[in-house]
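So the chains spell out like this:
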Amino acid sequence: MPGSHEPRSTGWRVGADIGGTFTDVIALGPDGEVVPMKVPSTPPDYGSGVVAATTAVLATADVEPEAVVAMLHGTTVATNAILSMDGALTAVVTTRGFRDVLEIGRLRRPALYDLSWSRPRPLARRRHRYELDQRITADARLTPPAAEDEVRALAARLRADGIGAVAVCLLNSYLRPDEERRVADLLREELPGVYVTASVDVSPQLQEYERTSTAAVNAYVGPAVHGYLTRLEAGLRAERVTAPLLVMQSSGGLMEAAAVAERPVQIIESGPAAGVTAVQKLARMIGLSTVVAFDMGGTTAKASLIEDGEPFVSADYEVGGGMNIARGLASGAGYPVRAPSIDIAEVGSGGGSIIAVDAAGALHVGPTSAGSLPGPASYGHGGELPTLTDANVALGYLSQTSLAGGTVTIHPDLAAKALGPVAERLGSEVLDAARGAYQVAVSSMTTAVKAVTSERGRDPREATMVAFGGAGPLYAAALARELGIATVVVPVYPGLFSSLGLLVADTERHELTPYRPELAEVSAVAAEFDRLAATVVAELGPDAVVDRMVDMRYRGQRFELRVRVPDGELTEELMARTRERFHAEHDRTYGRAGTDDLVELVNLRVRGWVPTSVAVEDVLNLPGDADRPASTRACRFETTVTTPVIGRADLGSESVEGPLVIEDMDATTLVPPGARAHRDRFNNIVITWSAP
Amino acid sequence: MIRDAVTFEVFRNAVSGLADEMAITVLRTAHSQLVATSMDFSAALCDADGRIIAQANTLPVHLGSIPGAMEAIFDEFEGDIRPGDVYLLNDPSLGGMHLPDIFVVAPVFTGEILLGFSVTVVNHTDVGGWAAGSMAVQSTSIFAEGIQIPPLRLLEEGVLDETFLRLVLRNVREPELLRGDLESQLAACHTGAEGLRALAAKHGVERYRELIDELLDYSETLFRAALAEATPGSYEFTDHIDDDGLGSGPIPIKVRATLSADGIELDFTGSSPQVASALNATESFTRSACYAALQGVISADIPANSGFYRPFRFVVPDASILNGRRPSARGARGLVGFRIVDAVLGALAPVFPGQVPAAGDGGPNGIAIGLVREDGGSVVLWDPLSGAWGARPDQDGVDGISSLGANLTNTPVEELERSGDIRIDAYGYVPDSGGAGRWRGGLSTFRDMTMLAPEASVQIRSDRRKFLPYGLEGGAPGSPSLNVLDPDGAAETTLDSKPHFVMTAGMSHRHVTAGGGGHGDPFERGAERVLEDVLDGKVTRAGAERDYGVVITADGTIDTSATARLRERSRA
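For the record, the sequence lines run as chains R and A. Just so you know, we're using my numbering here: the first sequence kicks off at 6 and counts up by one. Just so you know, we're using my numbering here: the second sequence kicks off at 5 and counts up by one.
This is chain R alone, in the form it adopts within the complex (with noise of 0.2 Å):
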């Protein structure tokens, strides 16, 4: 906390995360301090929302703007051009014949038995989609190359069509980088001022349609994404923050604002994985070998793994599809994106998930959701459909007179008057009618662990829960109950805590190659490995550190698994050692494993990174909120059992017994009867069952 001597002149970091409805807003300091804020967001111009509160957070800190040596930002805005598809006027440029690959897709649609469904709408359309009279072949042959007049005569056309965005995927491009890239550097030389994106450069991967649609997402999202970055960067300078600006991934790192503005479609994910990343620090220091990460919010509940510390990346998702559940199979809802991702799975459960009856009696819980507006009914902002939150306030589960330090009011009886239809529904009583719609949550939040745990060969019973987000602490434990996860923890900040992620993220990059015929060699493997790792090297400096994995699959196989390769020399022996572990992965997810002769290689990685100069304990280690006065609350459960209800502080180091209600100033932590709870080291809330 600010102290009243000097102000502070060097060492700052200032973490601004940007929601849907809060902008949060966390200044570091050089000796661990720590200063909070929460404002509401700004759209559409979110960056004037950042770049005031970063001012606040300074001033309130009592520091100096020139002490800020670094601003990491978590934030929405290319995902948002996505769903409020107000992107860019995009094109795409094509080989001859094939200008409807990004329209056609893979046929497929999400839902089974809807005939009113329809695709959603291209991000070029078939007039912005244009064909060049070249091919390359599947042995990398060019019959013919691009012919420059072509492709100058191409431009005078995109020109004159008002195209502000182009993403040139030729097909089998994969195989013929340089091709490509040459197409798009004229087009650049031809269209100053208009964003050129070439597929190779953000997804260099065999498969037409998803490394079209890649290409497409990130040019749709470009202009949009440099001008906000640049507009951020002015805002802050103009405020005299001169930091540099590091824009969170979606693999769950951090990259300068520059190679965003070149790759946006790496931080389509930014903030979920911002949360994921400090919840990998925090395992890390405490110890903790497998934990599954969940985080809910007012919309969606999402859980992902964390496994020896790593995340799992997933190499591909759709974005703008709703729920990213049950992939692979619920496919065509949005848009394919192939860039590292933390793997999240995600269900429509959030605290302003709408509750509901059925025809037949049956009680749903989501996925519509009463949004920021009109929001709860409990919050008298005109809502009065009945939402978990509302649940949770005629439960006793919530505060009764407000939330949010006291920004939110609290309305019990309109709470009581939302639920009264729904009871009469089910022909019970509203608290019945409450309690049962908190377990509904529960059981459709188990689907989104089970798709990162049990549908991966790994058992959630083996995993610890890390819960945050503003909802995740009232339901983690009942949820872990249901998993039979024995132990959940609540980091401090729960509501804050993806920002507190920005502030402990190391620096990365990602680079690509896929197989190609002259990597059969070893030698040549290594080759392709050193040179990749060049390029991560020269782009993050010699300090980083680079690791090398490869993506494999047996023969046929549509999903590739990644493992790490050993450290030391690339020889065949080393080689024959990541297959080793490509078989025991793959028996470990699916139950079973090939042999060697099955096993192709799909692609080479690296990944290179920075770690934080930041020491995770001090971000993770904070205090609470002052002293509260503690109380009680009538609090229905099986039975209505009358809960004590304190602050973090007032929990002690010796674990006591449920029921319990913890209120930070962010969020509500729930402590059922049959579950203790005690405070670490860390001032994390561990909440513990013994086995059932």
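Please keep in mind that the hints were generated in silico from the structure rather than gathered at the bench. The hints are all genuine.
For each label pair, taking beta carbons as the anchor points, the in silico distance ranges come out as:
| # | chain 1 | residue 1 | chain 2 | residue 2 | range |
| --- | --- | --- | --- | --- | --- |
| 1 | A | Pro87 | R | Glu643 | 29 to 39 Å |
| 2 | R | Glu389 | A | Gln399 | 26 to 36 Å |
| 3 | R | Pro197 | A | Ala566 | 37 to 47 Å |
| 4 | R | Arg164 | A | Ala566 | 28 to 38 Å |
| 5 | A | Asp379 | R | Glu578 | 21 to 31 Å |
| 6 | A | Asp559 | R | Asp119 | 35 to 45 Å |
Per the computed footprint, the stretches of chain A lying under chain R, defined by three or more beta-carbons under 8 Å from a beta-carbon of chain R, are:
| # | region |
| --- | --- |
| 7 | 9-22 |
| 8 | 28-36 |
| 9 | 183-191 |
| 10 | 218-227 |
| 11 | 409-421 |
| 12 | 538-545 |
Beta carbons: idealized from backbone N, C-alpha and C, even for Gly.
Chain A: place on chain R using the hints.
Same frame as chain R, but now just chain A:
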């Protein structure tokens, strides 16, 4: 009825999630392109009586066939179903559909108590027979189509029957793929079994059974409520398959749908007798197609289980195209399923005018390319192509999409080309192929291919060449499908819709799927919408004038007065 809404919802979430989990296991571990990429497989969970509890988000026409397979399993093994058993079948007259679809059924026990069954169906790449891919239309007997597997134990109390498996593998073209895909099925059955056991343990066996009853009742209740909103009566429709691929046709599929307080009866009396070629379906498959059609019309939200099936009654003539007799061939029966969907939807269009779309492409067209390597090994490249959905009562049809009865993906061009055997020269939409209407039918797609390998046999299953996808309420039909050799070349030749032919290096071929039918009077389509389609090249200027009476100028604007004159004249 639902005793406790909370437990019910928790159970419902759990079983539907479990079925999807099985499907994900298949998808992620399968070895063949047809399964891993095209996703031609299904998964479901049944209770101890063989009733479907939950279906994975997979293939509609597979899923509804599962009760038929379960009946065959019970006929063979009832009283002798033991923990650790796994059953296999593909015989169309004993619970199967066509030979490539192999059912793997695993009973699930807790102790001695039978809790239910994990079921997976995978369309295997090849199960032998004379034609690569085992689905040739020209087969005239099941004995030509591949290995027939009656309900048999692959595993007996946990022990694999190696002899059986070796026999199967020796009879197919790509034994390693079949083995790999079969293992995926076993893995998925294991996933399902673990999950069912956990559910029974959680709720207790007694309550678990009650919850299944409640779940099935729930679907039945919702379905009956939706049916009750329709006007009772009998509604007839006849659709056709062009020909049987051996020179005979057309092949009528006639349905009379009767809606009453009792539910819905679908009577196929008057449909074609079974045919000489491999189009003959099974009754289980016919039912399955009907379930899919109704599920599409009624609502996406009713859980698909055996409760949904209860209000149905069927009259399916024996020895008909819908229910062939042994030893009739079945390999291409998928086509009949897709046409049944079209016929049932056609019959229901007047009953549910706000929900039923015009006809789509008529089902995915399968292209199988069989290659023999120098070492004697065989390779089958699969390329399922889909066209379009018909126009809906309130919006255009979807351009380039898999039909309601299926949900197959295309094969990536770069994957197809990678082996060096073929080159794809173009893949895209066909302008003007969507049936004109107030709402336009979806556009068809075409794919041009050049053979690079010295020689290959090519087998295509397509239709909708003569009997086009119908329009509704005055909408025009969609455009026909087409197969052409040497397209746009000197030796351009049109092939049949179901050809089997040899391509040698340098030959090229074009396949065109059918377009979707239109909905409503095309002259009532807003001129602005027509203009947008013209600007996107989805409708040509000539097409706009001819089909919609909208005159678009060369610089891309609407000629309002010329349009008014044209539209006026057509009304007169």
